[in-house]
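**Q** Chains as they are written, first to last, in the numbering used here: chain A, 1 to 217; chain B, 1001 to 1217.
These aren't lab readings, by the way, just hints derived from the structure by calculation. Note that the coordinates shown come from a computational prediction; the quantities given were computed from them, not determined experimentally. Hints are not guaranteed to be accurate.
One-sided excerpt, in silico: chain B residues whose CB lies under 8 Å from chain A [as the list claims (entries may be wrong)]:
(1) D1060
(2) L1064
(3) F1067
(4) P1099
(5) Y1106
(6) G1107
(7) M1143
Don't be surprised by glycine CBs; every beta carbon is placed ideally from N, CA and C.
Listed here are the chains, written in short residue letters.
Number of protein chains: 2
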Amino acid sequence: MKTVVVCSGGLDSVTLAYLVRHEHILDRLVTFDYGQRHKVEIEYAARAAADLGVRHDIVDISMLRPFLAGSALTDNVPVPDGHYAEDSMRATIVPNRNPIMLTIAYGIAAADDADFVAAAVHGGDHFIYPDCRPEFIKAFAAMQDLALDGVWRVGLLTPFVDKSKAEIVTIGAGLNVPFERTWSCYRGGEVHCGTCTERREAFALAGVADPTDYADR
Amino acid sequence: MKTVVVCSGGLDSVTLAYLVRHEHILDRLVTFDYGQRHKVEIEYAARAAADLGVRHDIVDISMLRPFLAGSALTDNVPVPDGHYAEDSMRATIVPNRNPIMLTIAYGIAAADDADFVAAAVHGGDHFIYPDCRPEFIKAFAAMQDLALDGVWRVGLLTPFVDKSKAEIVTIGAGLNVPFERTWSCYRGGEVHCGTCTERREAFALAGVADPTDYADR
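Full structure from sequences and hints, please.
**A** Okay, structure coming up:
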């Protein structure tokens, strides 16, 4: 089944692209440029598409930034400690980012008569981001079925929605994903800074050798 | 309740803006530039915002066009008569347009801590466009509740979803909407071409004087 993969260039979504190539027909990778600081990941997505021999669409939605910047985002003032989780969330996330990117990916899939959109939302994100939870994914797919009813039929694949990052590493290792050609760091350095432990821990827990070059060893 | 109105500059959505100002707190109008031929309608939306004394955001999503253009759209060949309705639909509509515009409008509303997004989908569009039907609207609002859960709370207002265009004209007349300052023609002329009868009929059925200047009288 012809599948459009939303790919940031990170470990999860590049592994997803390899999994889709293994189980379906990989149509293309779609990467969103939303003005992220860690733009280097877009180059990693481009490399993954080249490695996989598929088309790569970079969709520039950075013009949405001024519209989506709430006060906490534009003030450039860190949210003080002790605030409610809700306030911290509002300060650190782009409002409605996943629904926006997924509806655009659905439009691309429909225009190309693809059967599926695949997205790499995974279990580790559930507690933080509401738009990564299984209930959201189910509701999103149901909404899209109605939106395209009778004209196109596009399904949503999220094989990692109940998986941990360590499980994704295990799956990727089985597919020979070149992990050194994926990018997980939110800072814009030359190599992964290594202060965020999520990626390191996933390799350790999976018992897979970590090929990543970290600034902080 | 603070409300963001998606406004194309057409009769329906300008009437919606006046209705929202009457019943809620009108926050702003949001207009999408998706590379439509009838760009003049964007100027009508800007005028409506000025008339109403509210902010006007023009969100340029025309960069999505190359990604959303399927073969039938890019070939520039009219779809032959006698094709299935499905094929005609595919040829003439931008895939997933309403879900894309609505998710962006939700992002804007969330960033501005607004309570509602209002959209002018109406009864007359149900048979043609799946993403104007009440089932879609309900599913879309449910999806957004889950996507923003615990962080923002934004509802969806679609007061015209079960109304005909004639009923919208009646509502607009009651709110003193300056109908001559709205635009309904998909062709890019100086005045409404008048060959599409939908707008004319709505005024006639509503028994409201039609102030529109039509090229085809």
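**Q** Each hint needs a verdict: does it hold in this structure or not?
**A** Each hint, compared with the structure:
1. D1060: 6 Å, holds
2. L1064: Cβ of B:L1064 sits 6 Å from chain A, so the hint holds.
3. F1067: The hint holds - B:F1067 has a Cβ within 8 Å of chain A, the shortest such distance being about 5 Å.
4. P1099: 4 Å, holds
5. Y1106: 5 Å, holds
6. G1107: 4 Å, holds
7. M1143: 4 Å, holds
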